[in-house]
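Engineer: Following the UniProt record's numbering, the numbering of the sequence shown begins with 1 at its first residue and continues without gaps.
Please note that the accuracy of each hint is not assured.
Stated by the list, open to error - Straight-line alpha carbon distances no greater than 35 angstroms define the calculated DSBU-like cross-link-like pairs of lysine-lysine that follow:
id	residue 1	residue 2
1	K135	K48
2	K198	K93
3	K111	K36
4	K198	K260
5	K135	K111
6	K250	K198
7	K198	K48
8	K252	K223
9	K326	K301
10	K135	K46
11	K250	K326
12	K135	K198
13	K223	K260
14	K46	K93
15	K111	K223
16	K48	K93
17	K223	K342
18	K36	K48
19	K36	K135
20	K48	K111
21	K223	K198
22	K111	K93
23	K46	K36
24	K252	K326
25	K250	K260
26	K135	K93
27	K301	K342
28	K260	K326
29	K260	K301
By construction, these hints were calculated from the structure, which means they are not laboratory data.
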Amino acid sequence: MKWNQISFRYRMLIIMTVSGLLQLLVLTLAGFSYIKQSQEQEVGLKAKGVATFLAQSSAVIHMIEYDTASLMQDRYRGLTEMIGAAFIVIGDKQGIRLIHPVDERIGLPMKGGDNDQALVHGQSYVSFAEGSLGKSVRGKAAVFDQDGNIIGVVSVGYLLDRLQDRIEPYLLFLLGMAVLVLIANAIVSYFISRRFQKAILGFEPEEIGRLYGELDVTMSTIKEGVISIDTHGVLRSINTSACDILGLEKGKVINQPLSKALPNSDLQSLIDSQEADHDIELYLNQQRIVANRSPIVVDNKVVGAVSSFRRRDEISELTDQLSQTKAYAEMLRSQTHEHRNKLNTISGLVQMGEVDAVQNLIGQETAHYQSLIEFLRETVKDFNSGNVAGQNRASS
Numbered sequence: 001m002k003w004n005q006i007s008f009r010y011r012m013l014i015i016m017t018v019s020g021l022l023q024l025l026v027l028t029l030a031g032f033s034y035i036k037q038s039q040e041q042e043v044g045l046k047a048k049g050v051a052t053f054l055a056q057s058s059a060v061i062h063m064i065e066y067d068t069a070s071l072m073q074d075r076y077r078g079l080t081e082m083i084g085a086a087f088i089v090i091g092d093k094q095g096i097r098l099i100h101p102v103d104e105r106i107g108l109p110m111k112g113g114d115n116d117q118a119l120v121h122g123q124s125y126v127s128f129a130e131g132s133l134g135k136s137v138r139g140k141a142a143v144f145d146q147d148g149n150i151i152g153v154v155s156v157g158y159l160l161d162r163l164q165d166r167i168e169p170y171l172l173f174l175l176g177m178a179v180l181v182l183i184a185n186a187i188v189s190y191f192i193s194r195r196f197q198k199a200i201l202g203f204e205p206e207e208i209g210r211l212y213g214e215l216d217v218t219m220s221t222i223k224e225g226v227i228s229i230d231t232h233g234v235l236r237s238i239n240t241s242a243c244d245i246l247g248l249e250k251g252k253v254i255n256q257p258l259s260k261a262l263p264n265s266d267l268q269s270l271i272d273s274q275e276a277d278h279d280i281e282l283y284l285n286q287q288r289i290v291a292n293r294s295p296i297v298v299d300n301k302v303v304g305a306v307s308s309f310r311r312r313d314e315i316s317e318l319t320d321q322l323s324q325t326k327a328y329a330e331m332l333r334s335q336t337h338e339h340r341n342k343l344n345t346i347s348g349l350v351q352m353g354e355v356d357a358v359q360n361l362i363g364q365e366t367a368h369y370q371s372l373i374e375f376l377r378e379t380v381k382d383f384n385s386g387n388v389a390g391q392n393r394a395s396s
């Protein structure tokens with residue numbers, strides 16, 4: 001099915017639903033990304049705080065200096081569970097694990113390659129790296145002895161996979177809200193499109209375009225001038241004939257106050273009076289016109305006014321032509337009646353056998369019409385001679 005074959009209401013529904021879906025999708029992804037980043041940042045700061053606290057504790061310093069890590073494994077594993085972390089790892093100044101959740105990995109080098117800031121520069125920081133337990137966000141802090149020398153590093157981490165599990169409920173919530181908003185948007189768009197189509201009298205956009213084109217052509221071809229205004233007196237339409245009669249330029253007066261284009265016009269008074277005027281004489285822009293004016297009513301509410309008009313001279317000329325036509329028709333009717341009477345007379349004479357009388361009557365009528373023809377011929381000849389003589393005088 002082609003797009004223009006779908007009704008305007010459903011087109012609006014599709015457009016608003018799809019646009020709303022795309023907007024909600026972007027907002028959902030942006031919200032999920034923001035929540036994820038916030039969670040990672042929050043957990044990273046928490047891990048950094050715990051790592052800094054442990055690095056400054058005398059217990060950790062004493063453990064590294066006197067190599068008593070084997071006695072502290074259970075303590076730090078319990079602390080790991082208490083804070084909900086994935087691991088607490090403590091290493092010496094060479095990055096060798098002293099404390100680790102897995103016994104088999106104690107004594108091996110710490111993985112991730114992110115210890116230099118702590119072991120070399122003595123900093124506390126948050127990093128993202130992949131260790132032996134997987135990808136994690138880590139808080140790291142250097143351990144100093146009483147003389148300020150770096151003797152180790154504390155690393156507290158949270159696995160990113162577990163963070164993902166914590167974030168997924170937020171994503172489901174966002175998706176659920178997006179679906180609800182989408183449904184609400186579809187319902188609202190349906191009723192809005194329905195109301196909008198009612199406002200345009202149920203027409204489809206293509207029909208409105210076609211009607212506008214037909215109206216424009218019709219308005220430009222009729223001889224009568226036509227203008228219309230809205231409730232504020234703004235000129236909304238004017239055809240070519242109106243521009244010619246009133247001496248206006250369409251581009252300069254359209255969508256302008258009628259009082260500016262035609263200061264003497266009182267067309268706006270029809271909006272208040274709501275009464276039509278028929279065949280009234282007006283004087284506008286030095287032109288005498290005969291106009292018909294009427295308010296425009298939609299749903300029992302006046303929304304504007306329209307006026308159609310022609311020059312008074314044209315109306316007078318048409319009236320004269322009509323009078324001449326009526327006089328000619330009356331003359332033909334009289335001649336027809338007279339001719340019918342004569343035919344009846346001839347028919348009666350023929351029935352009585354008065355052939356001579358019939359011939360005399362026909363001869364009289366023939367002579368009458370022949371003399372009339374000669375009179376017209378001489379008159380036209382004299383008229384043509386007078387015109388030729390006038391032209392010769394003008395050329396000389």
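Engineer: Could you run down the list of hints and mark each one as holding or not?
Structural biologist: The hints, checked one at a time:
1. K135 to K48: 16 angstroms, holds
2. K198 to K93: The given pair, whose Cα atoms are some 80 angstroms apart, is violated under the 35 angstroms limit.
3. K111 to K36: This hinted pair holds, its Cα atoms lying about 25 angstroms apart.
4. K198 to K260: Within the cut-off at roughly 34 angstroms; holds.
5. K135 to K111: 11 angstroms, holds
6. K250 to K198: Roughly 31 angstroms separates the two Cα atoms, so the pair holds.
7. K198 to K48: Measuring from Cα to Cα gives roughly 63 angstroms; hence the hint is violated.
8. K252 to K223: 21 angstroms, holds
9. K326 to K301: 44 angstroms, violated
10. K135 to K46: 17 angstroms, holds
11. K250 to K326: 39 angstroms, violated
12. K135 to K198: 60 angstroms, violated
13. K223 to K260: 24 angstroms, holds
14. K46 to K93: 24 angstroms, holds
15. K111 to K223: 93 angstroms, violated
16. K48 to K93: 19 angstroms, holds
17. K223 to K342: 47 angstroms, violated
18. K36 to K48: Holds. K36 to K48 sits at ~18 angstroms (cutoff 35 angstroms).
19. K36 to K135: 15 angstroms, holds
20. K48 to K111: Holds: K48 and K111 sit about 18 angstroms apart, inside 35 angstroms.
21. K223 to K198: 33 angstroms, holds
22. K111 to K93: Satisfied, since the Cα-Cα distance of roughly 14 angstroms is no more than 35 angstroms.
23. K46 to K36: 15 angstroms, holds
24. K252 to K326: Roughly 44 angstroms separates the two Cα atoms, so the pair is violated.
25. K250 to K260: 13 angstroms, holds
26. K135 to K93: With a Cα-Cα distance of about 23 angstroms, the restraint between K135 and K93 holds, given a limit of 35 angstroms.
27. K301 to K342: Given pair K301, K342 is violated - Cα atoms ~66 angstroms apart, limit 35 angstroms.
28. K260 to K326: Given pair K260, K326 is violated - Cα atoms ~44 angstroms apart, limit 35 angstroms.
29. K260 to K301: 26 angstroms, holds
Of the hints listed earlier, those the structure fails to meet are numbers 2, 7, 9, 11, 12, 15, 17, 24, 27, 28, in rising order.
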